[in-house]
Each structure stands twice: as structure tokens, then as C-alpha cells.
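Protein sequence lines, in the order shown, are assigned to chains S and E.
Heads up: the first sequence runs through residues 1 to 562, numbered per my numbering.
Heads up: the second sequence runs through residues 1 to 481, numbered per my numbering.
Each hint should be verified, as a subset may be incorrect.
[To be verified] In silico DSS-like pairs for lysine-lysine, Cα to Cα no more than 27 Å straight-line:
1) S:K55 x E:K330
2) E:K330 x S:K554
3) E:K293 x E:K428
4) S:K55 x E:K346
5) E:K90 x S:K554
6) E:K90 x E:K100
7) E:K437 x E:K136
8) E:K428 x S:K90
9) E:K293 x S:K554
10) E:K293 x E:K330
11) S:K55 x S:K45
12) E:K346 x S:K7
Calculated directly from the structure, the hints in this document are not laboratory data.
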Amino acid sequence: MAESERKLSNGATRIDFATDPSRYRHWKLSVDGDVATLLMDVDEKGGLFEGYELKLNSYDLGVDIELADALERLRFEYPQVRVILLRSGKPRVFCAGANIRMLAGATHAHKVNFCKFTNETRNAIEDASASSGQHTICVVNGSCAGGGYELALAADHIILVDDGSSSVSLPELPLLAVLPGTGGLTRVTDKRKVRRDLADVFCTTEEGVKGRRAVEWRLVDEVVSNTKLDEAVAARAREFAGRSDRPKDAKGIALTPLERRIGPDSRDYKFLSVEIARADRTATITLRGPDAPPPASVEAMVAQGADFWPLELARELDDAILDLRLNELDVATIVFKSEGNPEAVLAYDAFLEANKGHWLAREIRHKWKRVLKRVDLTSRSLVTLVEPGSCFAGTLAELVLAADRSYMLIGQMNGDNRPPAALALAPANFGAYPMSNGLSRLASRFLAEPYAVEQLRGKIGTTIDAEEGEELGLVTFALDDVDWEDEIRVFLEERASFSPDGLTGMEANLRFGGPETMESKIFARLTAWQNWIFQRPNAIGEEGALRLYGTGRKPAFDTKRV
Amino acid sequence: MDIGNVDYTTKIPNNVGLADDRRVLKALEGWHPGYIDWWMDMGPEGFQDALVYLRTAVSVDPKGWAKFDYVRMPEYRWGILLAPQDENRKVPFGQHYGEKAWQEVPGEYRAMLRRLVVIQGDTEPASVEQQRHLGKTAPSLYDMRNLFQVNVEEGRHLWAMVYLLQKYFGRDGREEADELLRRRSGSADSPRMLGAFNEATPDWLSFFMFTFFTDRDGKMQLESLAQSGFDPLSRTCRFMLTEEAHHMFVGETGIGRTIQRTCEAMKAAGIEDPTDIARIRALGVIDLPTVQKKLNLHYSLSLDLFGSEVSTNAANAFNAGIKGRFQETKIEDDHRLTGSTYPVLKLVDGEIRRVDEPALTALNMRLRDDYTYDCAMGVERWNKVIEKTGVQFKLELPHVAFHRQIGEFKDVNATPKGVLLDDEAWAKHRDEYLPSKSDGDFIAELMQPEMEAGKFAGWIAPPKVGIDNKPGDFEYVKIAA
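Sequences and hints are given; from them, build the entire structure.
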């Protein structure tokens with residue numbers, strides 16, 4: 001059962017990440033002044049796949065896609081919103097976590113991608129608070145278990161109703177023989193700083209902790225009785241709103257639907273195309289530079305809204321990456337290419353840099369930051385080809401730095417009159433887009449030579465050709481047109497021949513050198529521990545806990561400790 | 001010590017050797033003042049000083065386990081009473097089928113067991129809280145005494161569960177025991193755990209319906225816990241069932257006497273049509289269609305107490321040997337249920353259909369079916385009462401899809417016959433199926449107390465026999481001056 005493909009609901013053939021509030025089945029987004037409420041009210045019959053019901057506000061990827069969409073909209077469409085209240089629309093249950101029957105019947109690849117996406121969404125909640133002054137208060141009524149508590153953990157502040165039964169719990173280990181896969185354990189120790197022995201008790205107690213003890217153990221921030229709840233929530237909302245620097249009177253922009261043409265082996269967006277070569281198991285993503293100079297003013301940028309090139313392209317890249325992750329599992333390697341004028345890209349970077357105090361410019365940069373992190377965390381080989389006519393400058397140069405390998409052509413191709421391949425750096429490359437390890441891609445790249453990063457500042461705005469790019473360590477190899485095609489072909493063929501699992505592990509190790517952050521730990525531990533446990537017979541074997549969940553039968557464990 | 005007899009030398013009467021179990025005795029003595037505070041705050045209002053003719057358990061011998069005497073309720077000797085231990089008892093079902101029954105809590109089932117004990121325990125004080133205002137409108141001293149008997153015994157059932165928590169569940173158990181006194185029925189801040197136990201019991205007809213329907217759910221739950229492989233729980237529940245029988249007797253005879261009075265009054269007034277509500281009500285009795293509506297309400301609320309038809313928790317508890325089926329030991333099958341199925345009523349494509357589900361996960365449904373059968377027998381006995389008077393009316397149980405908040409049918413509107421309605425039609429017809437505000441007002445108006453020994457309010461017939469075979473004019477409650 002576990003590895004047989006599950007059928008998508010309603011005859012769908014692919015998982016689509018595009019949605020909007022008018023199509024939500026599981027969330028209600030409402031805004032009152034500077035406070036928004038995200039009400040989780042999961043439609044039991046609204047599962048993404050057939051074969052399970054989303055009872056007790058449990059969720060699947062479809063529920064999280066809506067949440068992620070709502071969070072994006074809160075940042076772009078509601079600049080005035082300073083506080084998000086995360087609440088349940090169901091009585092006596094906040095959220096029962098990821099749906100177990102969905103997990104038990106999902107392929108391993110889907111489970112991993114599901115966990116990864118939900119982690120990215122939780123991180124987006126924390127990013128809104130840290131980067132954008134949009135703080136989340138989670139109000140927990142009823143039971144808040146597993147992924148439900150992990151969702152709460154992403155908030156700045158957790159209020160637990162003190163009614164003698166509302167509780168928080170991480171019952172994965174005792175109940176399912178797996179771990180909380182969405183950062184639960186790491187946030188318990190690193191964010192909430194729960195004492196390790198108390199955390200041990202908490203994570204092995206199926207029913208969790210309620211009332212005063214939940215506060216004493218630091219699992220929640222406060223407990224409030226039902227009759228005082230509204231007052232307490234309003235007071236906290238005022239307090240957090242007071243800490244925010246979001247504009248009071250700004251008008252948001254509409255995140256209009258992306259224009260996409262989806263073919264069997266291609267996706268075409270306005271500034272981005274994806275070509276899938278199934279035989280080679282590659283997907284080539286070509287990003288296109290702007291077709292006009294940046295607007296004259298921030299007002300003009302707001303007027304362009306979702307059509308503003310950097311925002312449009314970021315949204316397109318996000319959608320394309322997610323599409324490949326979930327719908328194109330056989331693609332081994334993602335090849336990044338670009339077309340356009342590097343100067344034009346740098347002009348947009350300069351515009352965003354000059355106006356970085358403006359709320360929309362700030363949101364767009366953080367959007368790029370999140371999208372680039374999504375690229376970093378994609379478990380496919382990433383290669384960037386810097387060719388004549390490309391525009392890997394400034395923000396787009398991050399895709400060169402994000403790749404596992406990059407190749408740059410020296411000079412021009414025989415018979416091709418496009419300008420020679422060029423790279424260019426902008427101030428944004430030096431800190432605007434940190435990776436999950438907290439460092440810029442340049443700093444991560446030159447861990448042994450921090451001074452090299454400082455020296456590179458001197459190159460900001462200049463054009464870097466292939467030989468210099470290799471010399472500076474910005475690209476892996478500079479090749480001339482004699483070697484180019486063959487080297488690339490051999491590399492891609494070799495890559496496709498390696499064990500996909502081995503590559504996933506190796507790439508994840510090599511991409512995130514240097515320090516750990518809570519975020520990097522969460523993904524690393526998801527990849528290492530949770531995904532290992534998800535594959536073990538004690539969880540998914542015929543007698544495993546995840547497989548038997550719901551049957552009433554007791555799992556039979558292989559008792560050897562590994 | 002003779003297990004059959006109760007030790008009254010300790011503050012807490014018991015047959016579990018508390019005198020030699022200093023730790024638990026101390027814990028229970030520590031809990032006792034809080035319990036008395038709770039009883040004074042939340043127990044029967046206005047009658048704490050009255051002398052009530054109550055039975056007190058003195059033995060667990062089924063032939064003679066209680067003695068009757070006048071007692072002030074706060075001085076009632078609430079005790080810990082377990083049915084005698086059978087040394088050879090085996091776990092009667094689940095994956096441990098045939099193993100020796102446990103005298104201690106198995107570590108791996110500790111949380112599950114504690115939860116079951118806490119949920120059961122939570123219902124006991126809840127019903128006392130729900131019924132605390134009823135003394136003031138008792139239709140007779142006989143009924144008032146029955147109410148108080150039910151109340152003190154629900155109190156004792158709380159003690160029974162608290163004993164298990166204190167004895168077997170360590171510090172967590174003690175905390176849960178305290179929480180049982182902290183939650184309050186209907187409270188916004190700390191409600192009781194189950195929905196039906198937060199509903200008001202506004203009048204005596206509701207009380208009778210509650211004791212018939214909701215206490216019968218209690219009976220089914222106790223019956224299935226009485227099968228438990230955890231022997232102390234089994235023994236506790238077996239004795240509780242002896243007391244629970246009286247509660248259902250109060251409900252069944254209470255409704256029986258109500259409809260008897262109604263039918264007699266109709267006959268005397270020459271009213272043949274049971275739906276001629278205005279004329280029947282003018283006689284000061286409760287018309288049968290209103291009784292039916294009350295029945296619809298309480299039956300449907302009680303069905304919710306069984307939980308979802310298909311339940312992982314129920315499956316786990318059965319497989320673990322913690323909670324069995326009704327009369328498990330009398331069922332002829334493998335008592336493991338790993339390969340069998342059980343038909344469950346489900347909503348499939350907008351229709352109510354029977355679907356075979358794995359028997360392990362369908363245990364709530366099975367227990368509910370047993371319950372429905374038990375209820376239907378009682379309803380038939382009521383219909384016999386009506387039939388004897390010659391009135392043409394039959395009470396009946398509504399469809400299981402009717403008025404549900406939990407399980408398969410919680411999102412649909414079904415009539416008592418099981419016909420699905422849209423929201424608009426439901427809103428239009430609701431008051432035909434469930435008590436309306438005006439029905440409630442009428443009943444409330446009728447609830448005038450009758451405190452004179454031997455007399456009964458006009459809407460209810462006297463019982464056939466008195467409690468403890470006392471004569472009709474016996475003063476069951478001596479209300480303090």
C-alpha cells in the first residue's frame with residue numbers, strides 16, 4: 001500500500017500550488033484593521049488525494065498549500081496587517097496534525113516533499129515576524145496534537161485555553177513510531193528552550209500537557225480561561241501590533257493568478273520556461289530578464305503590482321520549483337539558464353536596494369530570499385549554465401551560487417552573435433538573501449576565505465567574464481566552445497546514473513556548510529532522522545506502527561537499537 | 001479481611017483494605033475535603049440538611065449489599081467498593097486474550113487506561129451538577145428521595161474512579177483526581193469532558209429521560225469496562241453496575257408514571273386524540289407528542305456519547321484488553337476480531353447505507369447497537385403502559401442519523417424517520433421533532449413541588465411499590481425546618 005501511487009481527488013493529474021481565498025476549502029482569512037485572523041476549518045471531504053478524510057482539523061498538502069498562499073497574501077495584499085491570529089474554526093479541537101491515513105498511504109517521496117513544504121510554510125510564518133513585522137499569535141482551544149502543535153510552534157506567542165482539557169502534544173513517537181516531521185522537536189528545544197528532560201516526558205506522553213504545566217514547561221506562553229480569552233487575545237494583539245514597523249496606510253497589491261501554459265513536457269510563464277527532457281531526466285529552467293527598465297518611483301512599482309518583474313519572476317520560479325518537486329519525481333537534475341541583459345537586471349536590483357525601506361520592496365526581497373531557499377532545499381542536482389546572452393547578475397547570480405555546479409562559457413559560440421557570457425554582482429549578493437544556515441551564498445561558498453567575500457565587494461557592478469569567474473571561484477568551470485557541449489553532456493549523464501538517494505544526501509551535506517541555525521537543523525534532521533525512520537519497518541512494515549495505525553492492532557517492533 | 005463486607009473503621013468505608021494501604025488512604029483522605037467542598041457547592045441545592053431515606057452499600061454480596069436509613073447527604077458514607085476478586089480471571093479479549101488478568105497497570109497502557117478512567121469519572125460528578133436544582137420542583141418526596149439516591153451514588157462512582165486514579169496512576173492520577181473536582185458542567189471556563197454532560201437538566205421529565213437514556217449509556221460503558229483485563233477496573237465497574245440499575249429504574253418508571261398519568265387524564269376527560277395537545281395540556285399533564293420530542297432529544301444526545309462509529313481509540317482499547325464489548329464473555333467468537341467485519345451505518349454519496357467495516361474499529365458502533373436494543377425494550381414497556389389505558393399512541397426511538405453532533409451524521413439534518421432534509425426544511429420542521437421553547441415553558445410551569453408525604457404532583461402517577469417496601473405515605477425526605 002505505501003508505495004502504490006495514490007489517486008488525486010476529483011480526477012486531478014497534478015498537484016497545483018496556485019490557489020486564492022475564493023477557492024480555499026480549509027481556511028478562512030479575514031482582516032480587521034491591523035489584525036488578520038486565519039481560521040483553520042478543514043473540510044473533511046477536501047483531501048488532496050482519495051482514500052482518507054481530514055478529520056479533526058488534520059491536514060494534508062492541500063491544506064498547507066492554502067495556508068502558504070494565505071501567508072503570502074497577508075504580506076503583499078495586506079501591508080497594514082501587523083498581527084495574525086491563528087485559530088481553529090472547530091470546537092474542542094485546534095488541529096490533530098498531519099493526517100495519519102494520508103501519511104500511511106503516501107509514497108515515501110510524497111511524505112518527504114510534504115514535510116519539506118510544511119516546514120517551509122512554518123518558516124514563512126517565522127520569517128513574516130522576523131523580517132516583516134507581521135507577528136503571529138496562536139490561540140489553542142481543544143486538542144493541539146503533533147503537526148497541530150508544530151504549527152503553533154511557528155507562532156510568536158501561544159495562548160492555550162485553560163479549560164481542563166485543551167492540551168498540546170507531540171504524540172508521534174508513542175502513537176506512530178515516527179518523529180514530529182515539521183520541526184517539532186527542534187523548535188521545542190531551540191525556540192521554546194524546553195528543558196531536555198521535560199521535553200523527553202512531553203514527547204513520549206501521548207495525551208500531552210495542559211494548563212499551568214504547559215506554561216511552566218515553556219510549551220506555551222500563557223493559559224487563559226475561556227471567559228477571559230477574547231480580552232487576552234485582544235490585549236496580546238495590541239502588544240504585538242505595537243512592536244511592528246509595518247505601514248499604517250499603505251495599500252496592498254493583488255497577487256493575481258500567474259499566467260501559465262502547462263504542456264506535457266513544458267511550462268511557460270511570462271518570464272520563465274521549463275523544458276523537461278524525459279530521456280535525460282533533466283528539467284531546464286530558463287529565466288528571462290526584464291523587458292523594460294525599472295519604474296521611476298515606488299508609487300509606480302506599487303501600480304505595477306504583481307506585474308513588477310522581480311515579483312513576477314520570483315512567483316514563477318517558486319511555482320516551477322514546487323511543480324518539479326511534487327509532480328516530476330523522475331527529474332534528476334535541474335538546469336538553470338537565463339536570457340537577457342545583465343545591466344537591466346542590475347538596474348532592478350539597484351532600484352530595490354535604493355528603496356529597501358519601502359514595504360513592497362522589502363517584501364519582494366524577502367520573497368526572493370524564500371524562493372532561493374526553496375531552491376537550496378530541492379533534492380535534485382542543481383546546475384547553472386552561464387552562456388552567451390544570459391543575465392546572471394545580482395539577484396539572478398544567486399542561482400549560480402546556489403547550484404551544486406556551475407559552468408560558464410568562455411567567449412562566444414561559433415556562429416552565435418550574442419554577447420559573451422557575463423556574471424555581475426550587486427549589493428544584494430552580500431546579505432539580502434541568506435541561506436538557511438544564516439549566511440549569504442557567497443559567505444557559504446568561501447568559508448575558508450572570508451576575506452575573499454570582502455574582496456568581491458570591489459567587483460560589484462562590474463562585468464565578470466568566464467575566466468575571471470573561475471578565477472574568483474564564482475563558477476565551477478569555465479569552458480571554451482570546443483569542450484562545452486561534451487562536458488555538459490557527460491556531466492548530466494553521469495549525474496543521472498548515480499543513486500538518487502546518495503545524491504540527495506551528498507548534496508544536502510555539501511550545500512549547507514558552516515554554522516547551523518534552527519532552520520538548518522530542522523531540515524537536516526528531517527532529512528536524516530525522520531526520513532530514515534519513515535523508511536524503517538518499525539514504522540512502515542507490515543507490522544509497523546504507521547501502517548497499523550487505526551486498525552487497533554499493536555505494532556511489532558524489531559527491538560534492536562541501531 | 002472479609003472482602004464481602006465493608007470496613008467502616010477508616011474514614012472512608014471500603015472493601016479494598018485501605019487500613020493497610022497507608023499511602024492510598026492518605027491520598028484519599030487528602031482528597032476528601034475537596035470532595036466535600038464540591039458536594040456542598042455543587043450537590044443538591046437547598047436540601048443538604050434534609051434527612052433522606054437512602055441506601056448505603058455495606059457489602060458487595062448481590063443478595064444483600066445495601067441498608068436503608070435516614071442520612072444527611074453531606075454525611076453519606078461514600079466508600080470504595082469492588083466486586084470480589086476472581087483469582088483465576090483471564091483477560092477475556094484482545095491480543096492478550098487468555099493471559100492472566102492484570103492486577104497492576106501495564107506500563108504501555110497506562111495513558112490509555114488513565115484516559116478511560118478519567119472520562120468515566122468526569123461523567124459522575126457532572127450529572128450531580130446537572131441535576132442540582134431539581135429538588136425544589138420534586139413531584140413527590142418519593143421522587144425527591146430517588147433523585148438524591150442517584151446523586152449520592154454518582155458521587156460514590158466518582159470515588160470509585162478516584163480510588164483507581166490514586167491507587168494505580170501515581171502523581172498524574174492524583175492531579176487528574178483534583179481536576180475532576182475542578183471541572184463544572186456547563187461552565188464556559190472548564191466544562192465537563194463530554195457534550196451531553198454540559199447540557200442543562202431543566203425539569204423532571206428531562207431528569208427521567210436522562211436517567212433512562214444517558215445513564216444507560218453509562219451502563220454500556222461500565223459493562224464494557226467491566227470486561228477489562230485490568231482487574232481492579234473490572235471489579236469496580238461490576239459493582240457500580242449494581243447501583244446503576246436503580247438509576248435506570250428511576251428513569252424508566254418516572255417516564256412510565258408520567259405517561260400513565262397523561263393517558264388516565266385523557267381517558268377521564270374523554271380525549272381520544274393524543275395530538276390534541278392544547279386540551280391535554282389543559283388537564284395539567286404532559287401530552288405524549290411532547291414526551292416523544294423529549295425522547296428524541298435525549299436519545300440523540302446519548303448516542304453522541306458513544307463517539308464516532310469508526311474509532312481508532314476504541315480499536316486500540318479493545319486490542320489492548322482494556323475495554324471489551326457488552327457481555328464479552330457470552331459472545332461466541334475469537335474475541336480478537338482481527339479478521340472480522342461489522343456493519344456500520346454511514347453516509348455514502350448523500351445516502352444512509354450499511355457498510356462493512358473492520359470489526360475492531362467498529363466497536364463503538366457495536367456497543368451503540370447493543371444500547372439501542374436495550375433502549376428499545378424500555379420503550380416497548382412504556383408502550384405497554386399506554387396500550388393498557390386504551391390510548392392510541394406509540395413512542396419510538398428516532399433514527400440514529402437524527403440530530404447528531406458526533407459521528408457520520410453530524411453534518412446532515414435527518415428527520416426522526418431518517419429522511420435527509422436541507423437546512424431550510426430542517427429549520428421549518430425542527431420544533432416538530434425536538435422540544436421547542438414553548439414546550440419547555442409549559443413543562444417548567446407544570447413543575448410545581450409536592451412536598452407532602454404520600455402526595456404526588458398532578459402530572460405523574462404514584463409508583464406501584466415504595467422504596468424498601470415502604471408504604472405510600474412514607475416520609476422519604478424529612479426536610480429540615
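Verification of the hints:
1. Our distance criterion of 27 Å between C-alpha atoms is broken by K55 (chain S) and K330 (chain E), whose separation comes to about 35 Å.
2. Our distance criterion of 27 Å between C-alpha atoms is met by K330 (chain E) and K554 (chain S), whose separation comes to about 25 Å.
3. Proximity of K293 (chain E) to K428 (chain E) is assessed by CA-CA distance (about 16 Å); at most 27 Å being required, the pair is judged to hold.
4. A distance of roughly 15 Å separates the Cα atoms of K55 (chain S) and K346 (chain E); the hinted pair therefore holds under the 27 Å criterion.
5. Among the hinted pairs, K90 (chain E) with K554 (chain S) is consistent with the structure: their alpha-carbon atoms are about 20 Å apart, no more than 27 Å.
6. The suggested pairing of K90 (chain E) with K100 (chain E) holds, with an alpha-carbon distance near 4 Å, which does not exceed 27 Å.
7. Proposed proximity of K437 (chain E) and K136 (chain E) is supported: the alpha carbons are some 21 Å apart, at most 27 Å.
8. Among the hinted pairs, K428 (chain E) with K90 (chain S) is consistent with the structure: their alpha-carbon atoms are about 26 Å apart, no more than 27 Å.
9. For the hint linking K293 (chain E) to K554 (chain S), the alpha-carbon distance of about 44 Å lies beyond 27 Å, and the restraint is violated.
10. Only pairs whose Cα atoms come within 27 Å are accepted, and K293 (chain E) paired with K330 (chain E) is rejected, the gap being roughly 35 Å.
11. This hinted pair checks out: K55 (chain S) and K45 (chain S) have alpha carbons roughly 9 Å apart, not beyond 27 Å.
12. Between K346 (chain E) and K7 (chain S) the CA atoms are separated by roughly 23 Å; this keeps the pair inside 27 Å, and the hint holds.
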